[in-house]
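> These are the residues of each chain, in order.
There are 2 protein chains.
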Amino acid sequence: MSDQATSIIAGTDSEQPDVAAATAAAVAAFAAYRATTPEERSAFLEAVAAEIEADKDAIIPEAVRESGLPEGRITGEVGRTTGQLRMFAGVVRQGDHLGVRIDPALPDRAPLPRADIRQRMVPLGPVAVFGASNFPLAFSTAGGDTASALAAGCPVVVKGHPAHPDTGTLVARAITRAVEKSGLPAGTFSFVLGGIETGQELVADPRIAAVGFTGSRGGGLALVRAAAERDVPIPVYAEMSSINPVVVLPGALEGDVAALAQAYVGSLTLGSGQFCTNPGLLFLPSGERGDAFLLAAGEAVSGASGQQMLTPGIADAYASGTASLRGTDGIRVVGEGSAAGEHAPAPVVYEAPAELLAIDDSTVTDEVFGAAGVVVRYDDVASLLPRLEALEGQLTATVHATDGDVEDASALLPVLELKAGRVLFNGWPTGVEVGHAMVHGGPYPATSDSRSTSVGSLAIERFQRPVAYQDVPAALLPAAVRDDNPWGLRRRLDGTLEA
Amino acid sequence: MSDQATSIIAGTDSEQPDVAAATAAAVAAFAAYRATTPEERSAFLEAVAAEIEADKDAIIPEAVRESGLPEGRITGEVGRTTGQLRMFAGVVRQGDHLGVRIDPALPDRAPLPRADIRQRMVPLGPVAVFGASNFPLAFSTAGGDTASALAAGCPVVVKGHPAHPDTGTLVARAITRAVEKSGLPAGTFSFVLGGIETGQELVADPRIAAVGFTGSRGGGLALVRAAAERDVPIPVYAEMSSINPVVVLPGALEGDVAALAQAYVGSLTLGSGQFCTNPGLLFLPSGERGDAFLLAAGEAVSGASGQQMLTPGIADAYASGTASLRGTDGIRVVGEGSAAGEHAPAPVVYEAPAELLAIDDSTVTDEVFGAAGVVVRYDDVASLLPRLEALEGQLTATVHATDGDVEDASALLPVLELKAGRVLFNGWPTGVEVGHAMVHGGPYPATSDSRSTSVGSLAIERFQRPVAYQDVPAALLPAAVRDDNPWGLRRRLDGTLEA
Chain E
1 MSDQATSIIA GTDSEQPDVA AATAAAVAAF AAYRATTPEE RSAFLEAVAA EIEADKDAII
61 PEAVRESGLP EGRITGEVGR TTGQLRMFAG VVRQGDHLGV RIDPALPDRA PLPRADIRQR
121 MVPLGPVAVF GASNFPLAFS TAGGDTASAL AAGCPVVVKG HPAHPDTGTL VARAITRAVE
181 KSGLPAGTFS FVLGGIETGQ ELVADPRIAA VGFTGSRGGG LALVRAAAER DVPIPVYAEM
241 SSINPVVVLP GALEGDVAAL AQAYVGSLTL GSGQFCTNPG LLFLPSGERG DAFLLAAGEA
301 VSGASGQQML TPGIADAYAS GTASLRGTDG IRVVGEGSAA GEHAPAPVVY EAPAELLAID
361 DSTVTDEVFG AAGVVVRYDD VASLLPRLEA LEGQLTATVH ATDGDVEDAS ALLPVLELKA
421 GRVLFNGWPT GVEVGHAMVH GGPYPATSDS RSTSVGSLAI ERFQRPVAYQ DVPAALLPAA
481 VRDDNPWGLR RRLDGTLEA
Chain B
1 MSDQATSIIA GTDSEQPDVA AATAAAVAAF AAYRATTPEE RSAFLEAVAA EIEADKDAII
61 PEAVRESGLP EGRITGEVGR TTGQLRMFAG VVRQGDHLGV RIDPALPDRA PLPRADIRQR
121 MVPLGPVAVF GASNFPLAFS TAGGDTASAL AAGCPVVVKG HPAHPDTGTL VARAITRAVE
181 KSGLPAGTFS FVLGGIETGQ ELVADPRIAA VGFTGSRGGG LALVRAAAER DVPIPVYAEM
241 SSINPVVVLP GALEGDVAAL AQAYVGSLTL GSGQFCTNPG LLFLPSGERG DAFLLAAGEA
301 VSGASGQQML TPGIADAYAS GTASLRGTDG IRVVGEGSAA GEHAPAPVVY EAPAELLAID
361 DSTVTDEVFG AAGVVVRYDD VASLLPRLEA LEGQLTATVH ATDGDVEDAS ALLPVLELKA
421 GRVLFNGWPT GVEVGHAMVH GGPYPATSDS RSTSVGSLAI ERFQRPVAYQ DVPAALLPAA
481 VRDDNPWGLR RRLDGTLEA
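Residue numbers (full-length UniProt numbering), protein chains in the order written: chain E, 1 to 499; chain B, 1 to 499.
If you're looking for bench data, these hints aren't it; they were derived computationally from the structure. Given the structure is predicted, the values throughout are model-derived calculations rather than measurements. A couple of the hints might just be wrong.
[Unchecked claim] Reference excerpt, derived from the structure (chain E facing chain B, CB under 7 angstroms, subset only):
1. Pro70
2. Arg73
3. Ile102
4. Arg230
5. Val406
6. Glu417
7. Phe425
8. Thr430
9. Gly435
10. His436
11. Ala474
12. Leu476
13. Ala479
14. Ala499
[Stated by the list, open to error] Here are the simulated SDA-like cross-link-like pairs (lysine to any residue), alpha carbons at most 25 angstroms apart as the crow flies:
15. E:Lys56 / E:Thr75
16. B:Lys181 / B:Gly195
17. B:Lys181 / B:Ala58
18. B:Lys56 / E:Thr75
19. E:Lys181 / E:Trp487
20. B:Lys56 / E:Lys56
Note that beta-carbon positions come from the ideal geometry of N, C-alpha and C, so glycine has one too.
Let the sequences and hints guide you as you build the complete structure.
Here it is as C-alpha cells:
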C-alpha cells in the first residue's frame, strides 16, 4: 500500500514525500480548527471514531498481520481507540479543560482600580505524534496522543510507525474521511511514513509546537535532543521506559502463594511482555514463603510459551537484554519457558542479588522490553526503602499487601508516589484503564515530562497554554470567557469555581 | 552583611558557602513539608507574610538603598509580596490545585471490572528560585516563584540576586523565622548568595526538581542549557524577554492624541522602563493623526528625565542597546529626554521603518531593557498582520481601539493571543495584577515554557505533577483522595466536578 519511503495523507489521497508539506498544511488549518465550537470539535472526534469502526473489517486483519498480535487483542484495541476518542469528545463538550477564570473589574478599588481580566486555555499549535509499535491502534495513528491533541484544538501530524505502516495508513484514511465530512481543513490531520530521519525532520520543523511519543528510551531521548536543538524549544511528551517495580509484602505471602506467583507470571508474559507497564522487577521477602513464591513463579514461567514479538528488532533487543542478565555474576535463572519460533523467545524469570541495584550498573534496572522478570529478595522494609529510592522514575509501582502489612505499606507509599505516576495495590500494572483519574506518566525516564499523562482525560492539558484577556471589549471576547457564557462553562470567578 | 561570595541561611544564622548543603537540606525537609495539611501550609505562608511585614522598617530602606528605586515603589512592593503569599495561602486552603479525580471501582463491568482509581497532584521536589533585579521583593527572595513553589509543597532554595544581596538576606531571615515558628524543617527554605557559577551549580544539582527564574534572555537561556545537560531533565520556568507590542488602531487616534501619547511615554518611562512588560514596540497608523501622536510622544519623552537604573550593568546594556538602534540606517530619534546622572540615562523614542521587522535582523526586535521605545508605522491591518505574526513570543500584546475599530481588532486578536500570554485593550502593559486570571507568561522567548504563568494563582501548577492511586486500601489513601474528604475538596467524580 505504501511503497514510498514517505507519504502524506492530507485531505486527498495524493502522496507527497514531504514533511514540510504536512506541517505547512497543519499551520494553514490551525486557525479554522481551533475556532471550532465544543460541539463541532466533539462531533468531529466522534466522526473519527465512527469512520474507524466503519472500516474495522479492513483495519483489524491488517493490524493482526503487521503486528502478529491476536485478533481478539486487536479487536479490543479498536474499542479502546474509539472509546478514547469518544471520551475526549465528552471532555471537549463539557469544557472544564478550557480552565476559564474571570477576575471582574474593580473600578473603585484603592489605590488603583483593577482591570477586568479573563483567562482561558488556547491550543499550542500543530502537534507531531509518534505512535508505538506495541499498540498499533490505541497508542498509534488515532491513539491517545492524537485524540488529546485534536481535542485541545491542535492539528496533528502523525509519523506512522514502520512496524505497521498499512494499518496506520488505513486509520489515517479513516481520520481523513472524518476531516472531510466535518468540513474541516485538510491539514487538520496528516500522516507521514518514514524512518528516523523523517521523525527528526518533523520534530525540528519550526511549525511543530509540541510532540507526543510512545516508544523506547533511545527513540524518545533522540526526539528530546532534536527538540532541544531547535531555535524555539517545544514540549516533548515522550513515554519511554519503565521496569514497574512490584513489592510483595510478607502478609501477601500468607495466602495462596502459587496463585500469586501465577498471576505475576501472567502479567509478565501477557502480550509477550510487550507493555510499558510490564512488571520487570519484583521485590520478594526472604524466608520460606518467599522461597515458595519463587519456586511457583519458576514453575509457572517454565510452563509458558513464547509468543511472536512485534518486530524482529524487538526480538533481537530482548535476546540481547536477557543475554546480558544471564551473563551477570550473581544472577540466576529461576525458570524459563519455551521459545515458539525465531521471534517468539522464551519468557524467563531471574533472581538477582540486591547489591546489583546499589552499584552504578544498569544491568538489572534497564528495561528489557519483553517477558523477562527480575526478582530481588529483601529482609525488611527498612532495607528495601533505599533500594526503591535509588530506582529511576517509573510509570507504575505496585504493592501486594494485606491488612497486617499496613505499617510497612504506609512506609512504602510516600516513596513510591514520588517514584511513579501510578501506585497500585494487590493487582498487576499491565492494563491501563482509560478514564479521568488515570495517570500513565511518571518521573524521568518513565517520561520526559512528569507533569502529564498520556492516557486518560488529563492528557488534553499537555497541548494548551493559558492566555489572559484584560479589558477586552465584550464584542471581541472569545466565547469561552464571555459574560453570557454561551457554552455553559463552569468558571472560576475571583478564585472560586461556580457551583 | 554578606561578605562571603556564598552564604546559606537554612534554619540557623550560620553561613556556609555550600549549594549542596542547601539542596541536601531541602531534600531532607521535603517529606515533612509536603505532608503538611492545607491549614498548616497556609498558616506558614501567612507567617512568612507576617514576618516580612514585621521587619519592613529594616527591609524597605535596604531595598531602596540597593535598588535605587523610590521608597513609595518599594513600600508598594512589600504589599504586593505579602499579598501574593496570602493569596497562595487561600489557594492552598481551598485546595482546587490538588486536582482530585476519583473514578470509582466498577466491579460488575463487562468484559473486565474497573479498579478504583484516584488522582491527586503531588509536589515535584526542591525548587531553585532566581530572583529578578527589578523587583527586589515581589519577584525575588519571597516573590511569586517562591510563594507558589512553597504553596505547592516544594522546599525552596533561592539564589539571591547580586544587585540586592542585603535585602535578600533580610527577607530570607524573615522566611527562616517563619519556618522556625511553624515548626517546619530548616531546609524548607534556604538562601544562597553567589554569582553565575553558583546559579549553574544549583540548577545542575541532582536534588533540584524545578527552576523558577525571572531575568534576562541570556541568563535564562544559560539556566535552560544547564538543565538540559543534567542526567535527569527538569522543568525550567524562565521569564526572560519581551518587547510587548502595542497596536494603535485608527479609531484610537480620533480622541485626544496628546493624552494617548503621554500615557504611552508614561508607561515607557515608568521605573526607568525596567519592567518585563515595558512597551518596547508600538505600531502606529500612517497619516496625519499618527503624525500628531508621534509628535506628541516626542514632546512627552523630551520632557522626561532619566532615573537611576538598578545596576551599572543594566545601564551599560541600555547604552549599548540604544546605540545600536541609533546607529541603524533608517531609524530616527523621535524625541529624547535628559539623563540624570551616569546610571540614569535619557529615555528615548525612535521611529523605525517596517522593513526592519521583516529582515533577519534583531536590531528592532531584541529587548532593550529600559526606557527606549520604537514606533513603526503601518498603512492598514492587512499589512500589519504579517509583521505581528513574524514577531517572537511576548508576555503581552496591547491594542488601542474604539468601537469603530471592531473589524480590525477582530482580525488582530487571534494573532495576538497566539503570540502573547496576555492581550489587553486600551491600557498599557506595565502593571501586572496579582490575581486568579492573570497570565504573566507567553511563548518563547517571553518564557521558556509557555504552559504556565509566573504571576497569579495558576503559578502553583508549575510545581506539581499528577499521581494515580489504584485500589489503594482506604486506610492508606492520602487525605486528599479519601472517601470521607477530610479537607472538603471539590473532586471530579467519574469526570464530573462535584457541585
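> Hints first: check each against the structure and report whether it holds.
Against the structure, the hints:
no. : hint                : result
1   : Pro70               : violated, 15 angstroms
2   : Arg73               : violated, 13 angstroms
3   : Ile102              : holds, 6 angstroms
4   : Arg230              : violated, 9 angstroms
5   : Val406              : holds, 6 angstroms
6   : Glu417              : holds, 5 angstroms
7   : Phe425              : holds, 5 angstroms
8   : Thr430              : violated, 12 angstroms
9   : Gly435              : holds, 4 angstroms
10  : His436              : holds, 4 angstroms
11  : Ala474              : violated, 11 angstroms
12  : Leu476              : holds, 6 angstroms
13  : Ala479              : violated, 12 angstroms
14  : Ala499              : holds, 5 angstroms
15  : E:Lys56 / E:Thr75   : holds, 8 angstroms
16  : B:Lys181 / B:Gly195 : violated, 31 angstroms
17  : B:Lys181 / B:Ala58  : holds, 20 angstroms
18  : B:Lys56 / E:Thr75   : violated, 68 angstroms
19  : E:Lys181 / E:Trp487 : holds, 24 angstroms
20  : B:Lys56 / E:Lys56   : violated, 70 angstroms
In summary, the numbered hints that this structure violates are 1, 2, 4, 8, 11, 13, 16, 18 and 20.
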